[in-house]
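> With the hints as extra help, turn the sequences into a complete structure.
Protein chains in written order, with the numbering used here: chain A, 1 to 220; chain B, 1 to 50; chain C, 1 to 242.
Please keep in mind that the hints were generated in silico from the structure rather than gathered at the bench.
Just so you know, even glycine gets a beta-carbon here, dropped at the ideal spot from N, CA and C.
Please note that the accuracy of each hint is not assured.
Stated by the list, open to error - Examples of chain A residues toward chain C, derived with CB under 10 Å:
#, residue
1, T150
2, I164
3, I165
Here is how the chains run, residue by residue.
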Amino acid sequence: MIKSIVKTELAIYFRNLNSIFLPLIFFFLILSVFPLILGTDKILLGKIIPGIIWITVILTTLLSSNNFFRDDFKNGVIETYLTSDASIELVLFFRIVSCWVFTCLPVIIFIPLVSLLFEISFQNSAIILLTLILGTPVLISIGIFGSALTLGLAKNNILTPVIIIPFYIPVLIFSASAIEAVSIGLPFTMQIYILLALLVLVLPIMPYLLKYTLELSINN
Amino acid sequence: MIEFFSMGKYTVFVYAAYLVSIVFLLAGYLLPHYELKKEIRKKEYEDNKK
Amino acid sequence: MNISKIANLRFFYTRTESIAFILSILSFLLFCIGIYWGLYIAPTDYLQGDSYRIMYVHVPAAWLSLQVYIIMAFSGFIALVWKIKIMEIASIQCAPIGAFFTIIALITGMIWGKPTWGTYWVWDARLTSELILLFLYIGIMVLYSAFSDKRQAVKVTSLLAIIGIINIPIIHYSVEWWNTLHQGPTVTKFEKPSAHITMLLPLLYMLFTFNVYFLTVFIKRVRLGIYLREKNSKWLEEYLND
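Right under this line is the structure:
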């Protein structure tokens, strides 16, 4: 059962190879724009580069998870979700995971390269990597929730990010605090625990919440 | 009356704050009030047109 | 069951016309008394001079912005679970009221900040979470207006309001914790003074006044909402033609 779901997901993503590389390219594009705008002052860039990486990751996850349910809604897949006997929450969970794997994992893999480009110290890049690994699944889940809320809206281009970004803020604050703590030398374990707690709370609940939201949105 | 303005250097701030809140509070009340009247008038107009 | 649900709306609309008017006069009078009390009768503060008087509009507005959000989420919850029509209307009509309160709180907070801290804005826990609260309200209103089927819209915005209520304390405490980390043990943010009763009493009175005002505007908005929804129903036409 799980194998078939995974196979379907892989098939969907590999059918359109663009969807794999586009988030990564977008990430690097925005990342490159920042030094162009802010100037090449290495000290300034060194201070704000964790923030820049996180802002870019937010934009990437927002834009990738925005249209998660759009095609499904058009093709009537959602009705089959809701009327089937199978455990739809499991399918949704694997869909969330696959979305993360294909949009955030490439970005995370390329973070060492980014730390080379911007001359980030080893500890800083390690903590950036850790907070990204813990934080991006939560961001993706919340983004997919936003997509479920605005299901069926014709022109929801910038509406969904406006609704969703306030829910990103706790993850942001704790990640930024952890990164700053490491760069100063203070202990950072509490922030990591909180990020872990957010991950463990949000990720399992999200499939159930998504199913409820889809039922709400589809009921016409 | 003049003692109202004897708040030292804070007069402008205090009165500006109170003015802003009064403006918004009034607006919050008048908006639904006139919106309802407008809707009733619009419906009467449409009913009379028929 | 169907009849009682519609009767709910009709009962509310027909009975509250005079109540709304009386309440509006009442809240106007209460405000006049409150403003005179706050500006004139309450004594000048030893530390802060007269600028603390802004507290008499800022604190009730901020308090009510949170209270209205809780009411909005709570009525949204009832609307989702029990599908009671008047709760649907009440939930979405709370949003503009709450947004106005939040705007008042933010602007008066900024005006208060300038003489007290020297700057218009500081990213501390309270102001930042108030700003995020404004964004939550705006998000709910925008989401509602994006749907053409308004019954569908209410369901979705109720869900958003309920999820948002979890978000507010998380943001507040995370920003507060973040700031105490920055500033260390010497906290320089403004603390509410251990105030004398002559200064506290007008504050409680203004809190009460703002609540009466909220009740007035709430009734007005729910009547507007009922009218918009039941425009073409028979009981409304009969009632309006008397």
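> Evaluate each hint against the coordinates.
Results of checking the hints against the structure:
1. With a least beta-carbon distance of about 7 Å to chain C, the hint placing A:T150 at the interface is held under the 10 Å criterion.
2. At about 8 Å, the closest approach between the beta carbon of A:I164 and any beta carbon in chain C falls short of 10 Å, and the interface hint on this residue holds.
3. Restraint check, A:I165 versus chain C: the minimum CB separation of about 8 Å is within 10 Å; hint holds.
Violation of the numbered hints given earlier is absent; every hint is satisfied by the structure.
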